[in-house]
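Protein chains: 2
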Amino acid sequence: MNTVFRAVGIAFALAGVSHLHAAEGKLTAGQVIEEIKTHVGVPWQSQTVDTVKAGDPNVEVTGIATTFAATMDVLERAGRSGKNLIIAHEPTFYNHLDQTDALKNDPVFQAKERFIEQHKLVVFRFHDHWHRHKPDGILTGMIDALAWNNYQDKTTPQLFEHPSVTLDQLAQEVKSKLNIRTLRVVGERGMHVTGIAFLPGASGSDRQIEALERENVQVLVAGESREWETVEYVRDAATQGKKKALILLGHVPSEEAGMKYCAEWLKAFLPGVPIEFIPAREPFWTPQ
Amino acid sequence: MNTVFRAVGIAFALAGVSHLHAAEGKLTAGQVIEEIKTHVGVPWQSQTVDTVKAGDPNVEVTGIATTFAATMDVLERAGRSGKNLIIAHEPTFYNHLDQTDALKNDPVFQAKERFIEQHKLVVFRFHDHWHRHKPDGILTGMIDALAWNNYQDKTTPQLFEHPSVTLDQLAQEVKSKLNIRTLRVVGERGMHVTGIAFLPGASGSDRQIEALERENVQVLVAGESREWETVEYVRDAATQGKKKALILLGHVPSEEAGMKYCAEWLKAFLPGVPIEFIPAREPFWTPQ
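Taken in sequence, the protein lines are chains V and S.
Here the first sequence stands for residues 198 to 485, where the numbers follow our numbering.
Here the second sequence stands for residues 198 to 485, where the numbers follow our numbering.
With a Cα cut of at most 27 angstroms, we get these calculated BS3-like pairs of lysine-lysine:
hint : chain 1 : residue 1 : chain 2 : residue 2
1    : S       : Lys-317   : V       : Lys-439
2    : S       : Lys-439   : V       : Lys-317
3    : V       : Lys-301   : S       : Lys-439
4    : S       : Lys-301   : V       : Lys-439
To list a few chain S residues with every Cβ distance to chain V over 12 angstroms, as calculated:
hint : residue
5    : Gly-238
6    : Asn-281
7    : Gly-469
Examples of chain V residues lying across from chain S (beta carbon under 10 angstroms, computed):
hint : residue
8    : Asn-292
9    : Val-305
10   : Leu-367
11   : Thr-379
12   : Ile-406
13   : Glu-421
14   : Glu-424
15   : Asp-433
16   : Lys-439
17   : Thr-483
18   : Gln-485
Treat the hints as calculated values from the structure; they're not laboratory data.
The C-beta atom is built at its ideal place from N, Cα and C for all residues, glycine as well.
Bound conformation, chain V alone (with noise of 0.2 angstroms):
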């Protein structure tokens, strides 16, 4: 009974829905993502990998999970809170664009594969799109997790101006507030920081170098680099005698409130739908 009362809140809540499914009872998961495309204020990209990564877009949903990414451990648990609909920021078989040919017989893709369709699960990647989104939504969540709104520059919203302290309490804070076991910094530890640049994910070398090149800023906090890019441009500096210096968050970290986010800012526009975010968590530890 609950679930009838829900679609006929969502079939009344939503201008932009059809008759069609609110006469059926419930949103189809391709219905879902005709919702967020129209209100993601951004044109929607023909070349995006923003798209349905396994499932049957017409399986009714019955209520939504976001999520870092559909790790094997978000599935089972969105399964078993009756969640079908997994929005995920990152791909869901290993690779940016999910090519799944190398894996045809991979034992834990095919396990993957099979628990998604035995529990007719549908995984939708919100990547490009979120970050596309005004402002940026994994960036907003993530401010919100540092509570460094007050920071914030008015203009260019990845720059911060953080009250001064050492690199080393900058990284002992955002290690405590994001909750991270294994963050790695390069720089002087005693040096004093005020600008700080945030890139959340791995937004490449060429972004991250940009950021770090500005006078007014002396630490990058990001996800993660390849290591012999953006890593030894700031031991570089570092040995210049430059006030340069990098935080690597890793990429779970760097990102996932934004998906966190990414559940409010979906319930604001599909009310009456289950909509929970699941961490999909550090995925590494460091031995005792």
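Since the structure of chain V is provided, determine the placement of chain S on it from the hints.
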């Protein structure tokens, strides 16, 4: 005087070296590189990153420093110890092909280029062919550093049969032997492991996942991986109850000892030339 004696020594010791430079007293950087090509034991590839990255190959070599990467710190230490030819495994200018167009106005790049020029240093990259050397020069040096020679598979050199330990114990062992501050692990801490695949550096997720697909491999020990690739594959495998794990050493600690071995290898056919391994060292630290 010492230099002259050394030069005469070189002239007599090396069959492949022309009489010209012997008469002049010293080898040029270009002549040392020719010696490397002669001795590496595999055909020199036309498509390769193994080229001179900075400096004039006609400069006379006062000494050779082998290293993971020609970082600013390594360049300074090489210069101080009178080694003007730096043989580095990884890029000098922060990307795989050492493309510098985007860096032309970058102060870190400019200062590094100026330092190389002022000190008349030559940087040569020795990557592809050192891996193709039989056996792989990087792997050979790393196995020595790990003291895993007795565990190595006779036919597949990147496979190892280790005495049974827990994943946590194995991670502790490599952390301690390679003196790593920021090693990261994915998998069940208490699982027992014996079968190890060791792929130094960033060999790519195709090779890394292929290694993990082997039935007799429980742990892949690697340098680095993009975090949405092999890292998530291993996390999914572990959730599925498969006995698979990943130890990421970091790129530098996973290959550096291979360039220590390179110094020994060079000494065998460049007698009399001062040759020294200069460690680039791990770039990362963690907050206290």
